[in-house]
Amino acid sequence: MKIIIKRIAAAIPVLFIVSIMVFLMLQLLPGDPATVILGQEATPEAVEAMREQLGLNQPLLIQYLHWLGNVLQGNLGQSLVDGTSVNDLIAERLPATLELAFGSFLVALLIALPCGILSAARPNTVIDHFCTFISLIGMSIPHFWLGMMCIILFAVELGILPASGYVPFFDDPVENLKTIILPVVATGFRESAVLTRMVRSSMLEVMQSDYIRTAKAKGLGERTILFGHALKNAMIPVITTSGIMLAGLLGGLVITETIFNIPGYGKLIIDSVFNRDFITVQSAILVSAVFVVVVNIAVDILYALVDPRIRLGKEGA
Amino acid sequence: MFKNWKKTVSIILPGILLMGMLSGCGKGSQKSSSAKNSITISLHQDPPKLDPMLSSAFVDRIVFQNLYDKLVDLDSKGNIIPMLAEKWEISPDGKTYTFHLKKGVKFHDGTEFNAEAVKFNLDRDRQKNSNRKGELSAVAEVKVVDPLTVQIVLSRPYAPLLSQLTDRAGMMVSPAAVKKDGDKFQNNPVGTGPYKFQERKKGNQLVLVKNPDYWKKGYPKTEKLIFKIMTDSNVALVNLKSGQVDMTNRFPLNEVSKYASDSKIGIVNQPGPGFKGIIFNLKDPAFQDKRVRQAINKVIDREAIVKVALFGVGTPGRSALSPTSWAYDAESDKPQAVDVEGAQKLLAAAGKENGFSFTILTDSDPVSQQACQLIQKQLKAINIDMKIQKQDFGTLLDRTQKGDFQMAYMGWSGRTDPDGNFYSWVYSEGTDNFMKYSDPEMDQLLEEGRSLTDQGARKEVYKKVMQKLNEDVPYIYLYHENNVFGLSKAVKGFTPVPDGMIRTLDMTKE
Chain A
61 MKIIIKRIAA AIPVLFIVSI MVFLMLQLLP GDPATVILGQ EATPEAVEAM
111 REQLGLNQPL LIQYLHWLGN VLQGNLGQSL VDGTSVNDLI AERLPATLEL
161 AFGSFLVALL IALPCGILSA ARPNTVIDHF CTFISLIGMS IPHFWLGMMC
211 IILFAVELGI LPASGYVPFF DDPVENLKTI ILPVVATGFR ESAVLTRMVR
261 SSMLEVMQSD YIRTAKAKGL GERTILFGHA LKNAMIPVIT TSGIMLAGLL
311 GGLVITETIF NIPGYGKLII DSVFNRDFIT VQSAILVSAV FVVVVNIAVD
361 ILYALVDPRI RLGKEGA
Chain B
4 MFKNWKKTVS IILPGILLMG MLSGCGKGSQ KSSSAKNSIT ISLHQDPPKL
54 DPMLSSAFVD RIVFQNLYDK LVDLDSKGNI IPMLAEKWEI SPDGKTYTFH
104 LKKGVKFHDG TEFNAEAVKF NLDRDRQKNS NRKGELSAVA EVKVVDPLTV
154 QIVLSRPYAP LLSQLTDRAG MMVSPAAVKK DGDKFQNNPV GTGPYKFQER
204 KKGNQLVLVK NPDYWKKGYP KTEKLIFKIM TDSNVALVNL KSGQVDMTNR
254 FPLNEVSKYA SDSKIGIVNQ PGPGFKGIIF NLKDPAFQDK RVRQAINKVI
304 DREAIVKVAL FGVGTPGRSA LSPTSWAYDA ESDKPQAVDV EGAQKLLAAA
354 GKENGFSFTI LTDSDPVSQQ ACQLIQKQLK AINIDMKIQK QDFGTLLDRT
404 QKGDFQMAYM GWSGRTDPDG NFYSWVYSEG TDNFMKYSDP EMDQLLEEGR
454 SLTDQGARKE VYKKVMQKLN EDVPYIYLYH ENNVFGLSKA VKGFTPVPDG
504 MIRTLDMTKE
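Residue numbers (my numbering), protein chains in the order written: chain A, 61 to 377; chain B, 4 to 513.
None of these hints come from the bench; they were simulated from the model.
Errors might be hidden in some of the hints.
As the list claims (entries may be wrong) - These stretches of chain A come out as covered by chain B in the derived footprint (C-beta under 8 Å, 3 or more residues):
1) 89-97
2) 119-128
Claimed, not checked - Here are some, though not all, of the chain A residues that point toward chain B, as calculated from beta-carbon distances under 7 Å:
3) Glu101
4) Val141
5) Gly143
6) Ala215
7) Pro222
8) Ala223
9) Asn321
10) Lys327
11) Phe334
All C-beta atoms in this analysis are idealised placements derived from N, C-alpha and C, irrespective of residue type, glycine included.
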């Protein structure tokens, strides 16, 4: 418990710094929201009127504090482009992003764990080479290409899955799964590649350690050794990598979202950057920073669960 | 821990199986994902603002055609035809327009459309924060004569007025809804159009439903209109092929020739009203001498740019007016062969025979980039070293507006009245005059073009304008982009109009 509280306390200054950095970096972007909103035919007077209306003429510090004050009260502000609430914008995008991220993550684990463990259990055999080959493909094939190929095969040629789009789960669960399956598999396959290698090398290392040799000498079965003794120890670096991966996935997948036309988090941020919708960008990035922090805390908890040494060590300190 | 693993797997596995089963279930219904009584159209961009007063994006206008009726409309030849105004008269001095409105038209919220509503809209469009202010700058007053007659009084004759009223400036929004919703109106648009706003998911889709009380009896013919946002034209094409989308508002240029005789997909490909080209910063010392600009103009091979960068889907040109415009003058748009020698002579006369170097700014569109690379190569022939700098559109706009550039690759979506392709660009105070081109004779010609009411006389004026621009070269016109729509063969009743919009009133799906 203590670690968790400590971790949360440490996250607050991190989020605060992120908020300042994002705010200042956006100010450095050339181009001003009023100009972009009004387009190339706008008169200077109209631009000035728009700046005034959007509150862009106020000093930076005031703008920042105003935004931060609202955020602390749970109000992420209003989009500069059309005045819709950023809370709504983000809430609208979250289901697709969460589904995409966790789905891809799951696919990645389902490929990486069996492949990694198998190739570590039978190093330098056909199985190992096959798994290595698969992960090599996953690493080297651009996933936008894989996505496109999947669309052409399953949507255009076979016609069994929709080419793109997103239907919220609670609107129509069947349609939802049909729209999400291709992007999830395409992304998950890519993410699995690094993870497979990670599982393999981590397992191999553990398999060569003394206690495994002892276990073998005791005459324990291979399965017991692999799953009962080796796997847990090999999981630590895998959990770290998975955590980073999941945090990245939660931050949005611009390319996957574009190809499969999914209104997700990544596209929200990119579109808002191009529209110079500062408020939306600031708030959206802050929210994804919260995701990263949460995932990291979850990873720490997992460490403690998997490895008693960490648990005991921390509690002792 | 081992046991926990087992548990986890025993939870996950059935989950996966379930997912697989579910995804297998609906296989049969797949092809009908866009229903028969609805038409799904893909748009290349999410319409930013659904209020015609605030709108600044091309794509807004496509959606507007269904939500809002206009006082007057365009037919497929570009002629002005009645819409909410049944007929109109123009006073001999060209300063008073009297519109007689259609009777019994209602907004989607049930309130009545009448002369008061027209006055409300035109007054609203002329207020300070309106993006329509410039288009209606000649309007001095809007007078309600009787409930079905309205008069627009101009401070000076302004020939493009009717043409402006076929577009956003003439779109009628419900005064009651504006008063009720204020700033939120754009997220809850109410007009008199054939379709009513139903719902929108930002970045995903926009759904409109049939207006059952539409004034044109028996129309629209389709129950539901769905706009899906697909920023990538290849993605849109794949969806068109798989039947999820019935029409696309863009088409990948490199695929156009492949679909010329496809059994399922048709293409509508016609020159648009706009232009693309390069702007000079006339304040930059390198380009102050007219002869330098003329020299560059002489060595750019438009045909090559259209052939390579646009896969031939475009119309090379040297004019701000596309061949579809009534004011188009073929003489000033005559193709000319690349003339390296002539260009070298001009450069020598300007004291730049050894060439020079500068930077062009371009947006991140691959077509623009490729066009710039071609120009870069073509300019090498006269020893000019052009560097290319890529920017996102927001930055590009910011830098060109501030004059922080030497040359930029930029275009215009175009308007159906010739004034709309010249005035804002080359009038000395024009809002798109990033060149800072200023010439009293040009200003006078442009004013004349606005004030004459006779179309023949106006055409003569714009001919002179174009001749002068070809001589002064503040902007190099390169080509007119084509409007390319992809259509499922099941969709009938689409007629392209020169403004590049999609009018859905007659459209049906078999």
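Going down the list of hints, with the structure as the test:
1. Judged by the Cβ-Cβ criterion of 8 Å, the stretch 89-97 of chain A is covered by chain B as claimed, because 7 of its residues qualify and three suffice.
2. Closer than 8 Å: that is the beta-carbon criterion, and the stretch 119-128 of chain A has 0 residues meeting it against chain B, so the requirement of 3 is violated.
3. Given hint, glutamate 101 of chain A at the interface with chain B, holds; its Cβ is 5 Å from that chain's nearest Cβ, closer than 7 Å.
4. For valine 141 of chain A, the interface hint holds, since its Cβ comes within 7 Å of a Cβ in chain B; the closest pair sits about 6 Å apart.
5. The restraint placing glycine 143 of chain A at the interface with chain B holds, with a minimum CB-CB distance near 5 Å, inside the 7 Å limit.
6. The beta carbon of alanine 215 of chain A comes within 4 Å of a beta carbon in chain B, closer than 7 Å, and the hint placing it at the interface holds.
7. Given the 7 Å rule on beta carbons, the hint for proline 222 of chain A holds: about 6 Å separates it from the nearest Cβ of chain B.
8. Residue-level restraint check for alanine 223 of chain A holds (minimum Cβ-Cβ distance to chain B is 4 Å; threshold 7 Å).
9. Interface hint status for asparagine 321 of chain A: upheld, as the beta-carbon distance to the closest one in chain B is roughly 5 Å, under 7 Å.
10. A least Cβ separation of about 6 Å between lysine 327 of chain A and chain B falls short of the 7 Å threshold, and the interface hint therefore holds.
11. Below 7 Å, beta-carbon pairs count as interface contacts, and phenylalanine 334 of chain A has one with chain B at about 6 Å; its hint therefore holds.
Hint compliance for this structure: hint 2 alone is broken.
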